Amino acid sequence: MGSKLSIILFSGTTDKILSAGVLSQAGAAMGSEVNIFVTFWGLLSFTKGEKKMMLPKEFEHMGPALMQGLQKEHVKSWYEMIMEAKEFGAKVYACSMACGVMNIKREDLDPIVDDMVGAAAFLQKAEGGQTLFI
Amino acid sequence: MDTTKIIDSRGAACPGPITDLARAYRNSKVGDILELWATDKGVRADTQAWATKTGNEILDVKEDPEKIVVKIKINKR
Numbered sequence: 004m005g006s007k008l009s010i011i012l013f014s015g016t017t018d019k020i021l022s023a024g025v026l027s028q029a030g031a032a033m034g035s036e037v038n039i040f041v042t043f044w045g046l047l048s049f050t051k052g053e054k055k056m057m058l059p060k061e062f063e064h065m066g067p068a069l070m071q072g073l074q075k076e077h078v079k080s081w082y083e084m085i086m087e088a089k090e091f092g093a094k095v096y097a098c099s100m101a102c103g104v105m106n107i108k109r110e111d112l113d114p115i116v117d118d119m120v121g122a123a124a125f126l127q128k129a130e131g132g133q134t135l136f137i
Numbered sequence: 136m137d138t139t140k141i142i143d144s145r146g147a148a149c150p151g152p153i154t155d156l157a158r159a160y161r162n163s164k165v166g167d168i169l170e171l172w173a174t175d176k177g178v179r180a181d182t183q184a185w186a187t188k189t190g191n192e193i194l195d196v197k198e199d200p201e202k203i204v205v206k207i208k209i210n211k212r
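Quick mapping for you: the protein sequence lines, in order, are chains D and W.
Here the first sequence is numbered in this note's numbering, starting from 4 and rising by one per residue.
Here the second sequence is numbered in this note's numbering, starting from 136 and rising by one per residue.
The following block holds chain W by itself, in its conformation from the complex (with noise of 0.2 Å):
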């Protein structure tokens, strides 16, 4: 079945966000959404180059006053 995961890394500076995203990666499989809130402004960039970089998909990235909030497509492991 596959699953959205949140992971929260509000308030953590770069490279914190991408390193969490990576962490959840490891134990995520093909088909799995990974939704990463975040307020380090290089998020947007970074996950980019994370998601071209892995193979992954960006979904959709929106930002509310509070956080910018990433949902990744897991399309390889």
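Just chain D, same shape as in the assembly (with noise of 0.2 Å):
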């Protein structure tokens, strides 16, 4: 093992959570190290209260079919999918220098976020695995 996933959620869209959440729960039962570092819009999903379904402008019209499809399958929300990775270990980071721009404070996140850092101290994290930006 010692196999690292590490994704970068720049993204605030509902669909590209949703694939950030898979591919952590994913990465996290294969066993490897996944770390999840949040920024700019993703953090918007990423404070306290409720996690709204946003979807590209395309795409909006495409909305009910989803979350129809979407329960049909049984999928988890990306939440979910969070929090059953993390029960492997995996770790979810804020960006500072995104929260700072943001106006959002460490009491402001969700308590799914284990800390806030700094690009450095991600990338460190990061190295030597797979890194993806979402």
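Read the hints as simulated data drawn from the structure, not as lab findings.
Since the structure is predicted, the reported quantities are computational estimates derived from the model, not experimental observations.
Check before you lean on any hint, since a few could be wrong.
Said to hold, decoys possible - DEER-style ranges, computed between Cβ atoms: (1) D:K55 to W:E198: 36 to 44 Å; (2) D:E110 to W:D199: 46 to 54 Å; (3) W:D199 to D:K75: 18 to 26 Å; (4) W:A184 to D:G72: 18 to 26 Å.
Ideal Cβ placement from N, Cα and C applies to all residues, glycine included.
Both chains come to you apart, so use the hints to assemble them.
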């Protein structure tokens, strides 16, 4: 083992966050060390409070059909997926610079976030593994 | 004593079954047989990848109209 998956979650739309959730959970189940670095638009879904479904403009009309499909296939929410990944040791980090820019304080972040770190700290954690930018 | 444990992941979407397998793996010991039941079609390739990665062995994969059954022998903990 000793493998590692690091995800830079930049996007704020639910479709992309869901992809990050699937890969985090799968990576964690495979025994990989998983690190998720949430930055910019991604952060909007990692503050405390209700998680709203958001789709890219060009796919908005497919929202209801997508919801139906997700329910039919019993696909869990991205939040549950990341929680499952965390059960195997996955870590979620919020980008300190983006938090500053968006005026998000440590106490505003959802408890799913382990820590607020800078880019250098994340790169050091990601070194030697696979890194995805989503 | 070696045991066979059934993991029922029927109805769970990817990556649910592989997560259920990983969870059962944590409580297993060398020699155990884990039998994963799933309906997600990705489970064949996913369990193969998981076994290769973790150093365990796929003994058998069977598919009937209701489920795919993968038998995994735990060789490494």
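Quick rundown of the hints versus the structure:
At about 39 Å, the CB distance of K55 (chain D) to E198 (chain W) agrees with the hint of 36 to 44 Å. Distance hint check for E110 (chain D) and D199 (chain W): the Cβ-Cβ separation is about 52 Å, which falls inside the suggested range of 46 to 54 Å. Between D199 (chain W) and K75 (chain D) the beta carbons are some 22 Å apart, a value that agrees with the proposed interval 18 to 26 Å. Checked against the hint of 18 to 26 Å, the C-beta distance between A184 (chain W) and G72 (chain D) comes to roughly 25 Å, which is consistent with it.
Taken one by one, the earlier hints all hold for this structure without exception.
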